[in-house]
Amino acid sequence: MTIGFLLRTGPYTSQNVDTVYHLAKRFLAKGYQVRMFLYEDGVFNLAKEIQSPQERNLAGMMAELVRKGAKIRGCGTCAKFRGLKMADIIEGTKLAGIVVFSNYLKECDRFLSFGF
Amino acid sequence: MTIGFLLRTGPYTSQNVDTVYHLAKRFLAKGYQVRMFLYEDGVFNLAKEIQSPQERNLAGMMAELVRKGAKIRGCGTCAKFRGLKMADIIEGTKLAGIVVFSNYLKECDRFLSFGF
Amino acid sequence: MEAKKVMILIRSAPYGMATAGEGFRALIGLASMGIQTHVVLADDGVLVAHKGQAPEALGMHKLEDAYSQLADFGARLYVHLPSLTKRGLLKDDCISVEFISDEKLRELIFEVDHVITFN
Amino acid sequence: MEAKKVMILIRSAPYGMATAGEGFRALIGLASMGIQTHVVLADDGVLVAHKGQAPEALGMHKLEDAYSQLADFGARLYVHLPSLTKRGLLKDDCISVEFISDEKLRELIFEVDHVITFN
Amino acid sequence: MENLYLVTRSTFERTAWQLAARLAKPGDTVCFIQDAVLAVNGPKELRGKLGELESTGVSVKYLAEDLAARGLSAPQEKVINYDGFVELIEKSKRIVS
Amino acid sequence: MENLYLVTRSTFERTAWQLAARLAKPGDTVCFIQDAVLAVNGPKELRGKLGELESTGVSVKYLAEDLAARGLSAPQEKVINYDGFVELIEKSKRIVS
Chain D
1 MTIGFLLRTG
11 PYTSQNVDTV
21 YHLAKRFLAK
31 GYQVRMFLYE
41 DGVFNLAKEI
51 QSPQERNLAG
61 MMAELVRKGA
71 KIRGCGTCAK
81 FRGLKMADII
91 EGTKLAGIVV
101 FSNYLKECDR
111 FLSFGF
Chain L
1001 MTIGFLLRTG
1011 PYTSQNVDTV
1021 YHLAKRFLAK
1031 GYQVRMFLYE
1041 DGVFNLAKEI
1051 QSPQERNLAG
1061 MMAELVRKGA
1071 KIRGCGTCAK
1081 FRGLKMADII
1091 EGTKLAGIVV
1101 FSNYLKECDR
1111 FLSFGF
Chain B
2001 MEAKKVMILI
2011 RSAPYGMATA
2021 GEGFRALIGL
2031 ASMGIQTHVV
2041 LADDGVLVAH
2051 KGQAPEALGM
2061 HKLEDAYSQL
2071 ADFGARLYVH
2081 LPSLTKRGLL
2091 KDDCISVEFI
2101 SDEKLRELIF
2111 EVDHVITFN
Chain P
3001 MEAKKVMILI
3011 RSAPYGMATA
3021 GEGFRALIGL
3031 ASMGIQTHVV
3041 LADDGVLVAH
3051 KGQAPEALGM
3061 HKLEDAYSQL
3071 ADFGARLYVH
3081 LPSLTKRGLL
3091 KDDCISVEFI
3101 SDEKLRELIF
3111 EVDHVITFN
Chain W
4001 MENLYLVTRS
4011 TFERTAWQLA
4021 ARLAKPGDTV
4031 CFIQDAVLAV
4041 NGPKELRGKL
4051 GELESTGVSV
4061 KYLAEDLAAR
4071 GLSAPQEKVI
4081 NYDGFVELIE
4091 KSKRIVS
Chain U
5001 MENLYLVTRS
5011 TFERTAWQLA
5021 ARLAKPGDTV
5031 CFIQDAVLAV
5041 NGPKELRGKL
5051 GELESTGVSV
5061 KYLAEDLAAR
5071 GLSAPQEKVI
5081 NYDGFVELIE
5091 KSKRIVS
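These protein sequence lines are chains D, L, B, P, W and U, in that order.
Take the first sequence: its position 32, counted from the start at 1, is 32 in my numbering, and no numbers get skipped.
Take the second sequence: its position 106, counted from the start at 1, is 1106 in my numbering, and no numbers get skipped.
Take the third sequence: its position 65, counted from the start at 1, is 2065 in my numbering, and no numbers get skipped.
Take the fourth sequence: its position 49, counted from the start at 1, is 3049 in my numbering, and no numbers get skipped.
Take the fifth sequence: its position 17, counted from the start at 1, is 4017 in my numbering, and no numbers get skipped.
Take the sixth sequence: its position 44, counted from the start at 1, is 5044 in my numbering, and no numbers get skipped.
The following block holds chain D by itself, in its conformation from the complex (with noise of 0.2 Å):
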C-alpha cells in the first residue's frame, strides 16, 4: 500500500508536521511506501540548517523518513516565492513541480491533506 500527504504548514508553527512523521513512521515500518508533497510553507520543514536546541529536529525527522525510504519532494515555486533553494533543503529531498505531486496521487492508495 501507498500513503501521500500533502504538508501545507512548516516546521515548529503547526503539529502537523509531527502527526505527518508519527503517521510516516509506522507506515514505513510496516513495509508500505510513503509519499509527501509540500506546499506553501511546507517546504520550510526540508530546510537544512534548522538548528533547535533542547528540542526536536524536524528536518532531521524528515531525514530519517528519507532514510527510511519515503519519497519527500518540496514544491518548487512555493520555495522560490519564500526565498529557499535547492542547496539550503536536506539531501535525498528535492525541490519539485506539480507534476511530482500528480504522480503521487496516481501511486497513492491513501491520501492526507494538512493545512491550517
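Derived from the structure by calculation, the hints contain no laboratory data.
Just so you know, not all the hints are guaranteed correct.
Unchecked claim - For lysine to any residue, the following SDA-like pairs were computed, each having C-alpha atoms within a straight-line distance of at most 25 Å:
1) D:Lys71 with D:Ala87
2) D:Lys94 with B:Arg2025
3) P:Lys3062 with P:Phe3099
4) B:Lys2104 with U:Ser5055
The hints should help you fit chains L, B, P, W and U onto chain D, whose structure is shown.
Showing chains L, B, P, W and U alone in chain D's frame:
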C-alpha cells in the same frame, strides 16, 4: 508617535504581512516612527532570496519600509529553528533577541499584534 | 499506475490566507496532468465564487477570474449551497458554477479516489 | 523611555500550534527585561493551565511546568474563567492561577500600556 | 477614544470575534479586517451582538480595501479605508487583537 | 470501512468540524486529532451532533497521544493510539480533512 508591530506569520501564506505593510507605509508617510518585531514564521518575510514573478515581492516591500525609516528585526531563535541565517535576510534588517522586542515595546505609543 | 479521480476541496476565503489561490495553482497543475478533477468550494471557500471581487488595492490577483477558467482545464466547479446560504449569499451573487447539497457532495466524494483539502 | 506595563494574551491551546510555547518564550524575555507583565489565558489558551499534560509522546515540552514558573519572573498569571467554563473545565483542573471575569479582564487591559496577543 | 478591538479572522470559521464582543465597552471600537470583513453577513449571533454593542455606544468598522477584495459591502458610515484605519489606531489607547 | 473524516483544529475556536458532522454516514469514522481532541468537552452543539451520528452507526475516535498531551481523556472504546490511527487510515477508502 511610535507605532510597533509584532508579526508572527510568513510571506504569501497569510495577509498579515500585507496589512502591516499598508499600515506602516502610511505611518511613515505621516512622519511617525515604526518598529517591527518578526517572530516565529514572521522571520521569513525578510528572506532576501524571495522571487515572486507576476506577484508583489514581500521582501522588497519590507526593504521599502526599511528605506523609509522603519526599524525591523527578526527573532534570532525563531530563525535558527527555521534554518534562516543572518546572511539570508535583507539589508538594513537584523536577527535579534527579545531584548530588542522589549525596547520596541518601551518606545511605542501604539502596539499591534498579528498572528494566526 | 491507473488514472485517478480527485476532489479538491477549498474551505478558506480568498485573500486572508493564500489557501484558495495556492489551491488553484495546484488544481490547474493536476487537471493539466490529465487527473480528473472536481473542485468543490465549501465553508468560507464559497467566497471564491463571489462576484465583484476587487483585490487590486491589496496588490493581489482576482481569484474570481482564475476559477472562472476551470472548465477550460476540464475541471468541474461546484459550490456547496448550505455553506453559501449560511454566509448570506445568493446563487445570483456567484460566477457560473453548479450548486450542490450535502447529499450531492457526499456522492461526489464517493466518486473520487482522493480528496485533497485546502483549508 | 518610560517603563511600560504589558499584557500578554494567550488565546491558543498548547501543542496544536506553537503559539502558547512561543508566547511563553517571549513573555519570559520581557519579564526578565523588567517589563511589568500580566499574562492572561483566554479562549483555548486556558488549556495551558490544565493539569496533567503529558506531551512526551509527541516529543514536546510540558507547558504546564513552564507557565507554573511565571511568578519567579515577576509576571502574574490569570485565567479567563468564562473561557475555562465554556471548555468544560473546573478551577480544580488548573495549576495555581488567578481566575478572572470579563469585568476584571477589562480592568487589567485598562491598566496596561500594550496588549500583545498570541492567537 | 478608548480601546480598539481588531478582528482579522473569518467570523464564520472562527470564534475569535466573541472575546472582542464580550470586552468592548462604550467608547471602544470593534474593527473587522482581512477575512473578518465577512462579519457584514453574520453569523446571526454576531449580527445580534453587534447591534446591541452599537446601541450602547460601541463603534463598529469594516476596512474598505478588504471588503472590496471580497466583493462585499457595508453601510457607508461603518466603512473606513486604510487612511481611516491609521487614524483609528492613532486615536485608540490600546489595540487588542 | 468507508470514509474517514479527520478533524485537526479546536472545536471551540473553529467551525471546521461541522462539515465532517454534516457529511459522515453510517460506516464512516470521525476522528479528532491535535487540538481537535478538545471535542471531548464540546461545545454542546458538537456533543449533541456526535451523539446523533453515533446512534446511526458513525464511529467517533480521539487520538490518545493528543489527548494525553493536553491532559484530557475520553471513554476507552473511543480512544485510539497512533498504531490504531494507522490501521484506521488503512481501512478507510478516503480521508477527508
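The hints, checked one at a time:
1. D:Lys71 with D:Ala87: Measuring from Cα to Cα gives roughly 18 Å; hence the hint holds.
2. D:Lys94 with B:Arg2025: holds, 19 Å
3. P:Lys3062 with P:Phe3099: holds, 21 Å
4. B:Lys2104 with U:Ser5055: holds, 23 Å
Of the numbered hints given earlier, the model fails none.
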